[in-house]
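Once you've looked at the hints, dock chain B against the given chain A.
There are 2 protein chains.
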Amino acid sequence: MDDLHSLFYPESVAVFGSAGEGKLANILAGRLLDGGMERVCVINPKGESVREAKGYSSLLDVPSPVDMAVIASPAKTVGSILEDCGKTGAKAAVIISSGFSEAGNANMEREIIDAARRNGIRFIGPNCAGMVCTHGNLVATLETAPPTGNISIISQSGAVGGSFMALSADDGFGIAKFISYGNGGDLTVLELLRYLKGDDKTRVIALYLETVPSGREFMKAVQEVCAIKPVVIVKSGRTNTGRRAALSHTGSMAGADAVCDAALRQCGAYRVDTLQELFEVCKGFGALPPVTGRRISIVTNSGGPGVMTVDRAEMSGLLIQETPDTVKDRLREFLPSFAGLRNPIDLTVEGTGEHYEAAAITALSENDASVVLYIGTPYLKAMPVAKGIASAARATGKPVAAVMQVGADIEESRAYLREEGIPCFSSGERAVSVISAMASYEERRALGSEPRVSDAEPSGRAFGAGCDRLLEPEAMKLLRDNGIQVPEFAFAGSEDEAVASAQKIGFPVVVKVVSPRIIHKSDRGGVALNLRGDADVRGAFAKMREISEGMDFRGVVIYPMLAVGREVIIGLTTDPSFGPVIAFGMGGVYTEVLRDITFRVAPVSRKQALEMIREIKMFPLLRGVRGEAPCDVEALADMIAAFSMLSSKYPDIQEADLNPVFLYERGALAADVRILGKGK
Amino acid sequence: MDDLHSLFYPESVAVFGSAGEGKLANILAGRLLDGGMERVCVINPKGESVREAKGYSSLLDVPSPVDMAVIASPAKTVGSILEDCGKTGAKAAVIISSGFSEAGNANMEREIIDAARRNGIRFIGPNCAGMVCTHGNLVATLETAPPTGNISIISQSGAVGGSFMALSADDGFGIAKFISYGNGGDLTVLELLRYLKGDDKTRVIALYLETVPSGREFMKAVQEVCAIKPVVIVKSGRTNTGRRAALSHTGSMAGADAVCDAALRQCGAYRVDTLQELFEVCKGFGALPPVTGRRISIVTNSGGPGVMTVDRAEMSGLLIQETPDTVKDRLREFLPSFAGLRNPIDLTVEGTGEHYEAAAITALSENDASVVLYIGTPYLKAMPVAKGIASAARATGKPVAAVMQVGADIEESRAYLREEGIPCFSSGERAVSVISAMASYEERRALGSEPRVSDAEPSGRAFGAGCDRLLEPEAMKLLRDNGIQVPEFAFAGSEDEAVASAQKIGFPVVVKVVSPRIIHKSDRGGVALNLRGDADVRGAFAKMREISEGMDFRGVVIYPMLAVGREVIIGLTTDPSFGPVIAFGMGGVYTEVLRDITFRVAPVSRKQALEMIREIKMFPLLRGVRGEAPCDVEALADMIAAFSMLSSKYPDIQEADLNPVFLYERGALAADVRILGKGK
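From first to last, the protein sequence lines stand for chains A and B.
Counting in the working numbering, the first sequence runs from 1 upward without gaps.
Counting in the working numbering, the second sequence runs from 1 upward without gaps.
Isolated chain A, as found in the complex (with noise of 0.2 Å):
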């Protein structure tokens, strides 16, 4: 991605629009020039000049080298621009001028992207917010120039990515690079993250997104990322309708944003719902050592405060332990008397700076991270606290998160710990929240190597040609050829047929009518079961051939009357941003009303598939309870996972259920299946 240093780093930078007071090429030069650009100059028609930046009207009567285009002039003048650029060397362009594929003209858009590769010419836009890299002086936006730092902000919108600019310059803890991608004509959120990945000025990625547009490129693309960093995402649209995928079955029960969800998570992604708690969950990992662990220490001087940052930590999973009593001792020793000593610490209004760095310290022998509150009192000042905080913080060498709340130098306290690397929250649950996150993105990272998205090779094709479905024992057989366990069965197209079958299988048996036309078998009194001998099997062949009157009666198909297990169902969608999705949950009441169901983007390993298994809310089930024997957990795992490759492997296939499976003591098997093709 080396391409990609002329557009992050130019060392001269032409504005291109109307440079009148006022108007967007104008601001955007001065904003140029406010951020330390020291060469810019302005292209407009009447090669008006914006303050010490020299106006001309073409590119070509620049005297000097221009790295990069900084474009809003109207849409239609952005081609020859660009082709302008080719001619004097610039290699990189924003384009802000809008106009293009959003406002229906997809062919302007198409001409601007085949100017730009004809002349080697990377951009971002159009129809974007622009960009700034602070460790470059180059701020093309007219959004809230931040402060330099370690976080990357790539946004679908521009207005976001600005206020989240502006949390940034309220907090003080800065940006290293803002990425506007807009129409996404040149670079894409794939690229972009790609080159953020190999960026040692960027800690962590924080990530704006409205559509996934290449959903497994952009899993796959954020697990290489975050094998390295953490992305942290806000993806929105998550109730508007519009947005919802057409899942059949499985997976419209719980809405494409379930899948979205899933996806993220899978590839190791940190979702959050808002703007702040993206800035917040960026800035604790952009200031903080790794959480290795959910262990916290809390250090406060009040007890109210205290107790709410106890409920949230316990909430989101962290790990509130009484201080053991060797280490109480050790408080003992040096705090005052009147300290509360179990964890919250509470040092009461007798606390000092002093005894918030010791006990800070002595927590963290036991912990791994700790948040740090103080509220403001007469008798202690945020200083000396502040100063404690960082000497603990420097001594453990672990994550320590403060919230300085109430008093008169709460600024100048907050402004000296963010200079020591200590990140201050404006509450203790927003500071365990944080925390929470950073250990969860350890935890994933700890996984191992394992990737999480990944691709089967097709090995052919499911359906014949100008097909869509499987009649049910070509489905079995499909099945049972992909190494998912299966009933014994047999295709009958004759009650003779159908009687030797029955015999070889042994009574007990179940017949299903096989027609191509007959969806809801049992509907329609398709299914006979428990059919005992000879005379059972010819009475229900006749009863299918008579239901199926004029439905392109096939036969039928003979099981083995099944004993009756626990019931579950798998699934395989297609999504329209992720492709094949696999869904696990409980079956019947359990699927409708509670909607216990679980996704991933397919295919899964079988450690994947336990996790599934496990992440359902009626796992205990499952598991066993009231005495009851546990299923086969293993069985089922290895079935979710062979079942989780049929789409990759069979490409075809747009959507399969196993519905029920039922699952033992020993064993699980797939009483009945769907399979349909993408023709339909």
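It is possible that part of the hints are untrue.
Repeated chains share a single entry, so a pair holds when one copy, or any two copies, can fit it.
[Said to hold, decoys possible] Calculated pairs, DSSO-like style, for lysine-lysine (alpha carbon to alpha carbon, straight line, at most 30 Å): (1) K504 to K197; (2) K23 to K387; (3) K46 to K381; (4) K617 to K220; (5) K76 to K381; (6) K23 to K381; (7) K477 to K201; (8) K381 to K54.
Just so you know, these hints were derived from the structure itself, not from any lab.
Model, not experiment: these values are computed from the prediction.
Below, chain B without anything else, positioned relative to chain A:
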């Protein structure tokens, strides 16, 4: 509550305690003076003055009358100070001094309470952080002095109250009264709530609680207040295992916080989790007219923040309806051509203050409230937008919340909006959460005047002397006597009686052992099902006698064999704070695995019982899924309501369970019962 007037509106205040630089009484006197209290004096052994507050060595030396004592002197001095107050006519005291019951000195606390009573003095504290009454120029606290406003806060934690006022000071939206009641020696949260109910300066009450000592009295007080003005609560200690009440069986499955949560909702309070939310929701109530419906319009100049706002709005139960075509036509008349009209109405960067005004007014013609977002752009300053928003709010009289993000004149426009009665929130998500909270308050109020918290008249005792467990036939009789549907049943002390009863009831029957020492009957073989004749009954009786060898065998109870219905559980427990609590849930794994259970403080009306039934997750099972017939929810509601009366009617009942209740298409039957007394 007239006697509290002098607490909030004293004309002269004496501060007790060491008055040296940096000492508590010194700071307090300074805060009072800075807050605008004109007549302040200081009492300490040396008679030291603080600024213009003249010092005396005794209250008795002060020449003019003193209305209130603010006491920060050592605990042991407080009693005699109160006696002096009595002598000089001071009627109110704020006792900040600590060292009373919280430090194990309950006697000393008792003494000051007695001294206050003797002398007709009302006080807050001891061990409190003081109080504020902005309209009375009273700042008797070390916490941040807030601007004047209409939110009042009562806080069990001084630091939390102080942080709340710091939020107010930062935001500018002000406070009417703040009370930190500390140990609650005299004035408790109950009396303070009732005072604030009648306080015309208070429009909304914020509460921070860690414990709810007299749960039922508290609920009644909150219920009274909520008929007049909203109460918003943070109740912390959610997860603190130390605070978990010892609820048995059904109750213990969810933990005491679920009971507290249900109790707060039941009496009409709105519970939030964080201090930030507490302030924001109060600000909404304090600033806006009532939110009388859930349809909201969103007006924005930027897509991304609009989408995030819609997501949160839908998640919090608000309705984002597509703009009707007729309204779109009206919008088209004045909006820029690129504007999005659907809802959110997206004015894009071309929007002006006039567009904001007209769009908000037009959208409000179809909606109950509006959230208006402005994200700064170089094309449009914040101030014209603020003016447009304020005009729209004035013109429609409907609730309008604003979000002003990014831009040079943001602070100024927020201040303008505040003056105009429009609250600003930090994001669209937060604004819609507040609107949703306000809509909830109005919905609960609209439920009408039916008391939600009540008591039943005690009508007797359920248990004989020395007894704390009813035998099954006794318990069944108690149920039947109290209008709860139970199966026909008969007690039989001998084989012959058993046979006679079985014949009368009609075969097949069920026989269960009756012994005060056999609790888990099924586990010990004490239940015989489906007995079809005299011989079966004789055999069962003999077996029951055999298994009760040495277990105080009393006989058997005989029932008809019941048709199996849908199983549910109804439970009564006694919460240490809220008293009798009724629980309802699905039986078996639904309760054990899913915790699908709901609570109310008992007794409940039929209407409340119906609410309980409808709020469990598995309610669709009762309503009928997959073509099954619905269960008789009305009969179930009758049973819950009748059962919920038992603890109040028979105050010697500690806990009781109907497990299971069989629910049928018509009717419901309590199939098993367990009733335990308080004696045990």
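Query raised in the report: Quick one: K504 to K197, C-alpha cut-off 30 Å, is that within a copy, between copies, both, or neither?
Result: neither (61 Å within a copy, 83 Å between copies)
**Report entry** Up to 30 Å CA-CA - K387 versus K23, copy category
**Finding:** between (47 Å within a copy, 24 Å between copies)
Report task. Check K381 against K54 for me: Cα-Cα at most 30 Å, and say if that holds within a copy, between copies, both or neither. Result -> This pair counts as between: shortest inter-copy Cα distance 28 Å, intra-copy 52 Å.
Query raised in the report: Given a CA cutoff of 30 Å, do K76 and K381 count as a within-copy pair, a between-copy pair, both, or neither?
Result: So K76 and K381 pass the 30 Å test across copies only (29 Å; inside, 61 Å).
Query raised in the report: Is it within, between, both, or neither for K23 and K381, if the alpha carbons may be no more than 30 Å apart?
Result: between (48 Å within a copy, 14 Å between copies)
Requested in this report: Could you figure out if K617 and K220 sit no more than 30 Å apart (CA to CA) within one copy, between two copies, both or neither?
Outcome: Classified as within; 28 Å inside a copy, 37 Å across copies.
Query raised in the report: Quick one: K46 to K381, C-alpha cut-off 30 Å, is that within a copy, between copies, both, or neither?
Result: Result: close only across copies, 28 Å inter versus 59 Å intra.
Query raised in the report: Using 30 Å as the alpha-carbon threshold, which applies to K477 and K201: within, between, both, or neither?
Result: Answer is neither: 55 Å inside a copy and 77 Å across each miss the 30 Å cutoff.
In the structure shown, a violation is registered for the earlier hints numbered 1 and 7, in ascending order.
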